[in-house]
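Just so you know, the sequences run in chain order A and B. Position one of the first sequence corresponds to residue 1 (my numbering), numbered consecutively onward. Position one of the second sequence corresponds to residue 1 (my numbering), numbered consecutively onward.
Honestly, the hints are just simulated from the structure, not real lab data. These numbers were taken from a predicted model, which means no experiment stands behind them. Where a beta carbon is used, it is the ideal one built from N, C-alpha and C, also for glycine. Heads up, some of the hints might be wrong.
Stated by the list, open to error - Partial chain A-side listing against chain B, Cβ under 10 Å, derived:
id : residue
1  : Met1
2  : Gly18
3  : Leu26
4  : Gln89
There are 2 protein chains.
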Amino acid sequence: MRPSIVLFGDSITEEAFGEGGWGAELANHYSRSADVVLRGYSGYNTRWAAMVVRRAVVLGAAAAPAPAAVTVCFGANDASLPDRASRHQHVPLHEYKSNLRAICDTLTATWPRVVVILITPPPVHDAARVRYQYGDGCSGLPERTNEAAGEYARACVDVAAERGLRAIDIWSKMQRFPGWESSFLRDGLHLTPCGNRLVFEEVVFALKDASLGLDALPADLPLFCEMDPNNPVKSFDE
Amino acid sequence: MRPSIVLFGDSITEEAFGEGGWGAELANHYSRSADVVLRGYSGYNTRWAAMVVRRAVVLGAAAAPAPAAVTVCFGANDASLPDRASRHQHVPLHEYKSNLRAICDTLTATWPRVVVILITPPPVHDAARVRYQYGDGCSGLPERTNEAAGEYARACVDVAAERGLRAIDIWSKMQRFPGWESSFLRDGLHLTPCGNRLVFEEVVFALKDASLGLDALPADLPLFCEMDPNNPVKSFDE
Numbered sequence: 001m002r003p004s005i006v007l008f009g010d011s012i013t014e015e016a017f018g019e020g021g022w023g024a025e026l027a028n029h030y031s032r033s034a035d036v037v038l039r040g041y042s043g044y045n046t047r048w049a050a051m052v053v054r055r056a057v058v059l060g061a062a063a064a065p066a067p068a069a070v071t072v073c074f075g076a077n078d079a080s081l082p083d084r085a086s087r088h089q090h091v092p093l094h095e096y097k098s099n100l101r102a103i104c105d106t107l108t109a110t111w112p113r114v115v116v117i118l119i120t121p122p123p124v125h126d127a128a129r130v131r132y133q134y135g136d137g138c139s140g141l142p143e144r145t146n147e148a149a150g151e152y153a154r155a156c157v158d159v160a161a162e163r164g165l166r167a168i169d170i171w172s173k174m175q176r177f178p179g180w181e182s183s184f185l186r187d188g189l190h191l192t193p194c195g196n197r198l199v200f201e202e203v204v205f206a207l208k209d210a211s212l213g214l215d216a217l218p219a220d221l222p223l224f225c226e227m228d229p230n231n232p233v234k235s236f237d238e
Numbered sequence: 001m002r003p004s005i006v007l008f009g010d011s012i013t014e015e016a017f018g019e020g021g022w023g024a025e026l027a028n029h030y031s032r033s034a035d036v037v038l039r040g041y042s043g044y045n046t047r048w049a050a051m052v053v054r055r056a057v058v059l060g061a062a063a064a065p066a067p068a069a070v071t072v073c074f075g076a077n078d079a080s081l082p083d084r085a086s087r088h089q090h091v092p093l094h095e096y097k098s099n100l101r102a103i104c105d106t107l108t109a110t111w112p113r114v115v116v117i118l119i120t121p122p123p124v125h126d127a128a129r130v131r132y133q134y135g136d137g138c139s140g141l142p143e144r145t146n147e148a149a150g151e152y153a154r155a156c157v158d159v160a161a162e163r164g165l166r167a168i169d170i171w172s173k174m175q176r177f178p179g180w181e182s183s184f185l186r187d188g189l190h191l192t193p194c195g196n197r198l199v200f201e202e203v204v205f206a207l208k209d210a211s212l213g214l215d216a217l218p219a220d221l222p223l224f225c226e227m228d229p230n231n232p233v234k235s236f237d238e
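Please model the complete structure; the sequences and the hints are all you need to start from.
This is how it looks when you write it as structure tokens:
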């Protein structure tokens, strides 16, 4: 039975099977060795995620074997400014950290050997958020800022360190590339195919680091290229 | 618990989460309502598929609820010519039909209400198969032909009709478009993003026809756009 890798998060995760999406690439990468299970909930913050993690991830996988890994990517909505158009998604920083701890603790208490990988929110391009903003829409002020997203990204990395979990800091990694604002983000917040590619590569690296690389997972059923052309059926005897 | 849609087939299925792939698009389409499970085995013909269907599909899903639907797409390898480079993948037409029947019967005997959708092999562009051919490679003759693929496609449609199952005849549908050879096929055999799009649309149509459309499947957890901005947590009480 193949192991599964569950992707739990907000829209950065829910969209992960769209064009060039990091979830689809992951499913393609592990096409013969692991199932990639999508549990993305657009718009959700950690307050709501902590309320539903049991129903969305634990019960959803209850009948199947324990997942090998779960990625957890929240914070882009929590970091919405408390006095702007997306205020109802805002979660204060200290509560974000405690919600994230609760989510991780639920996963590791249920499956002691599961590899939990925290992914920070991506950076925000403030000017693009004015152009693409949500809600009433004509304030001329962004509802999310890069500065706020950065605080939540650092908090996410801190929680991972506290709990001894892996973290992928896409907020920092993306900003190392000149032109990150438009090459990685399509509306100042959500990922372009190029941004998805970066997340995919980081997740593959983290999984490999956790001994869940392609080399460590057996292929499900014999590979065609390894069958004996003179007696292919023999491969199925073993 | 979300229903699952299992994709069982050869490389046309194994590659379905690649660039623009029909499986990835399906997972994106059902991102909040169904799990798309990949069971693609490149190079496999129906002889091998019939040997492994229980292990690959039935046991793989044994602990989880019955899948709502299974797509079955084989024939591109069975239709390899018996005297050319891919001869060890060839399966005679009458055996192809009986293997396909056995696969379908296994699925419907295990899950009486499962929606099985047969997908024919795609058309073949003979000239491209000479350029991209497998094996020894310098015969100047294609190892697969469109004529042979067409016989297997018709046989696939016949088996679906016999068993009262839905069939998607991509061999015929693709050839209705002028320039199908290069717009739908990248090497005379495997699909381009455009070819993947056609398969995706046909599968979505077949699932909708089987009462498994988006409108018929509930979203997993409240949609953000339907939450009350003044009391979002209320959505989780129900």
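### Message
Under 10 Å is the threshold here; is the Cβ of A:Met1 close enough to any Cβ of chain B for the hint to stand?
### Response
At about 6 Å, which falls below the 10 Å cut-off, the nearest Cβ of chain B leaves the hint on A:Met1 intact, so it holds.
### Query
Once the shortest beta carbon distance from A:Leu26 to chain B is found, is it less than 10 Å?
holds, 8 Å
#### Entry: Interface hint outcome for A:Gln89 [beta carbon to chain B under 10 Å]
Result: holds, 8 Å to nearest chain B Cβ.
#### Entry: Evaluation of the interface hint that places A:Gly18 against chain B, nearest CB under 10 Å
holds, 5 Å
When each numbered hint is compared with the structure, no violation occurs for any of them.
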